[in-house]
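Protein chains: 2
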Amino acid sequence: MEREELFRKISIENEKKIVLLVLDGLGGLPVDGKTELETARTPNLDLLAAESELGLSHPIAPGITPGSGPAHLSLFGYDPLKYEIGRGILEALGVGIEVGAKSVAVRGNFATLENGLITDRRAGRISTAKNREIIAYLHEKIKKIEDVEIGLYSGEEHRFVLLLTGEALSDQLSDADPEATGRPILYTRAKGKAAAKTARIINNFIDRLTAELTDFYPANTCLLRGFAKYPAIPSLGELFKLKAAAIAVYPMYKGLAQLVGMDILETGRTIEDQLDTLKKHYAEYNFFFVHIKKTDSYGEDGNFAGKVSVIEEFDRWLPEILELTPDVLVVSGDHSTPALLKAHSWHPNPVLLKASFQRQTLNSRVKFSEKNCVSGILGTFYAMDVLPMMMANALKFKKYGA
Amino acid sequence: MEREELFRKISIENEKKIVLLVLDGLGGLPVDGKTELETARTPNLDLLAAESELGLSHPIAPGITPGSGPAHLSLFGYDPLKYEIGRGILEALGVGIEVGAKSVAVRGNFATLENGLITDRRAGRISTAKNREIIAYLHEKIKKIEDVEIGLYSGEEHRFVLLLTGEALSDQLSDADPEATGRPILYTRAKGKAAAKTARIINNFIDRLTAELTDFYPANTCLLRGFAKYPAIPSLGELFKLKAAAIAVYPMYKGLAQLVGMDILETGRTIEDQLDTLKKHYAEYNFFFVHIKKTDSYGEDGNFAGKVSVIEEFDRWLPEILELTPDVLVVSGDHSTPALLKAHSWHPNPVLLKASFQRQTLNSRVKFSEKNCVSGILGTFYAMDVLPMMMANALKFKKYGA
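Going line by line, the protein sequences match chains A and B.
In terms of my numbering, the first sequence opens at residue 1 and continues consecutively.
In terms of my numbering, the second sequence opens at residue 1001 and continues consecutively.
Please note: incorrect hints may appear among the correct ones.
What the hints assert, rightly or not - Example chain B residues on the side facing chain A (calculated, C-beta under 8 angstroms, incomplete):
1) V1031
2) L1056
3) T1065
4) G1069
5) L1090
6) G1192
7) A1196
8) A1199
9) W1346
10) E1370
11) K1371
12) I1377
13) G1379
14) T1380
15) L1395
16) K1398
Don't read these hints as lab results, they were simulated from the structure.
Cβ coordinates follow ideal geometry from the N, Cα and C atoms, glycine included.
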């Protein structure tokens, strides 16, 4: 029996509530002997850790550094090597576009073309207002190419999403992006015959957009990449009978959550806003995914102190979450983003799981840290097993087999 | 290379003896700070643990609570998600029926029908003697339906096994069991056309049995469930070149052992009886599975003290097993059955492995407990890897690859 078939078979609905708190890029590496998590003063997390099960999880497998897409799929209980999610899809979902089975989504940048060469891949980071103006203009000018409908949606600054909808479209296309300045427009190429029509339409679109935007310098051409069809992922409802909601600030994480069937709750930009949203909707769902982004952002910037400060800020808000008394609470990351590496890394995630039926009895003192998680009662496991463990602890799984 | 193919390729025969002692449902959860195993006074197990390798095993995967079938398959070295064993097969094997490829085995209950409604799903738990009498009577009356032979076998109290043998039979049938009293007889339904013939025969059987038993109140109808064909599982002999014997008291565990090709040794009902059987047959086999049931029974009853007492009783007999000086000895559970939950659970099994070639050096003092197994030298792993580890420690595995 396949893993997903098993979940469908054994999952049951009940009233118990699960809260998954994800500090993006939480895991780190030591600088002056201590990781970001070890450096942070986290009295509330430490108290919680003393009565929780601890462990470490590999986002994908030992040694594999994940992007946000596979890392989150894994946290949501899916085998991250089974489903591939194109970046175009993530962007599209993030800006709230409904993407169907007949669509191909594409990430677009406005860019600057001078004397036949791309001179700025971000068109001087034009304002989002300007972006909207250009998109509105293009929307009137380019509605259809051959039999394919053209959808255009503004993102922030120079970013937009292109959505093609029609028959026999493919996402097997190379990026139309020279990835450097001083080069001419790079057209897409079809990877195989089945993508020839889509390639023709995309390249025609680039030419028409460029022709339309002659008066819009510096935004007078575009780069297109991350061609992606909608992946057929069963929802958390189908697999686990969960009624799930996401409280995330950034488009990509909303997109990921929506992809697995979560409702996206409107929220503000701070951790406080996110917790207010959690409280407000607490009665309506039995699974909450709360995504805190800034740990990762600071990690990527190499800002060790900044990442420490976000962990400490989260720690100050933790008691308010505990007051909701969720039946199962997990605090973890989607992957590690050590400030030392200024990038995502392969190091496993610290995992804290608090529930009623656990072997862990109260520890007098334990710091929530990567090192203490190594010797935790959960051991080291795959992140895709976190959700099954939460299900078990919420008594939402029946016995398998007689 | 597939796992089973690997085992076939690298396993060799030698004289070394392996003893697998399974305390059913051994793992627990703390009550007043200690699990059943932590509470039990186990001086002999603790002495053994101090010179053994310890670890924890997931019966199926993190978070998955297994039934006895998949949990034992896993302990016997099989991927428990690869083979599904219907309950009917287990029951049939347990009462010693030979089931072939053309048969479908079914669990039956005698039940009580009054004014067209099922009023007792167990027919007042009639005596086993009465059951035998009814089965003998029915055996004369219903020998064949269409071209299908009808086999009937008494179980204990109200239970029996129905065995259909004939061409083109299927086990893709819904249970013929309303699962509640106050409802009429529920007939089976075929899940697909290929099962139509079997469904017809089963429903005809229910009608004929009910017509024959009008004078046998309270056992005047039946419920049928767990329709199952024989799964094609390679034997422990084929995969591991083991000559294996099972010493188990309860039918289901004998059935499971037989399914993987073990000889079932006649034994009595106490741990002492089982050990006598082990000693008596010790020269004849190189693998012994000894199954102790009562830890699980007390766990299921929520009887913490009862479960503790079985562990302590086992501990008193342990020195006699050690006197046999098996080359590899494992003490573990098939799954956890915490008295706190009164049910099987997903918590991993404590595992103790004693052999000659291990890294563990003598610990002055270690209690055999779930918590000490967390930090054991074996780490946390999947239960289906226990048998390969036993094989390795018995030097029954060759090197893989050059």
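Supplied contact hint for E1370/B, tested at 8 angstroms Cβ to chain A:
Holds - the Cβ of E1370/B comes within 8 angstroms of chain A, reaching about 5 angstroms at its closest.
Given T1065/B was flagged as interface, is its beta-carbon under 8 angstroms from a beta-carbon of chain A?
holds (5 angstroms)
Hey, does the L1395/B contact hint survive, CB to chain A under 8 angstroms?
Violated, because the Cβ-Cβ distance from L1395/B to chain A comes to roughly 28 angstroms (cut-off 8 angstroms).
Using the nearest Cβ pair, does L1056/B come within less than 8 angstroms of chain A?
Holds: closest Cβ of chain A sits about 7 angstroms from L1056/B, inside 8 angstroms.
Can you verify the interface hint for I1377/B: is its Cβ closer than 8 angstroms to any Cβ in chain A?
violated (13 angstroms)
Proposed interface contact between A1196/B and chain A, which counts if any beta carbon pair is under 8 angstroms
Where the cut-off is 8 angstroms and the nearest Cβ of chain A is about 24 angstroms from A1196/B, the hint is violated.
Does the closest beta carbon of chain A sit nearer than 8 angstroms to the beta carbon of T1380/B?
With a closest approach of 3 angstroms, the T1380/B hint holds.
Minimum beta-carbon distance criterion (8 angstroms), K1398/B to chain A:
It is violated, given that the least Cβ distance between K1398/B and chain A is near 27 angstroms, above 8 angstroms.
Does the nearest C-beta of chain A fall within a distance shorter than 8 angstroms of the C-beta of K1371/B?
Since chain A brings a Cβ to about 7 angstroms from K1371/B, closer than 8 angstroms, the hint holds.
The hint names G1069/B as touching chain A; please verify it with the least Cβ-Cβ distance against 8 angstroms.
holds (5 angstroms)
Mind checking the CB of A1199/B against every CB in chain A and telling me if the closest is under 8 angstroms?
violated (21 angstroms)
For the hint on V1031/B, does the least C-beta distance to chain A fall short of 8 angstroms?
violated (10 angstroms)
Against the hints set out earlier in the document, violations occur for numbers 1, 6, 7, 8, 12, 15 and 16.
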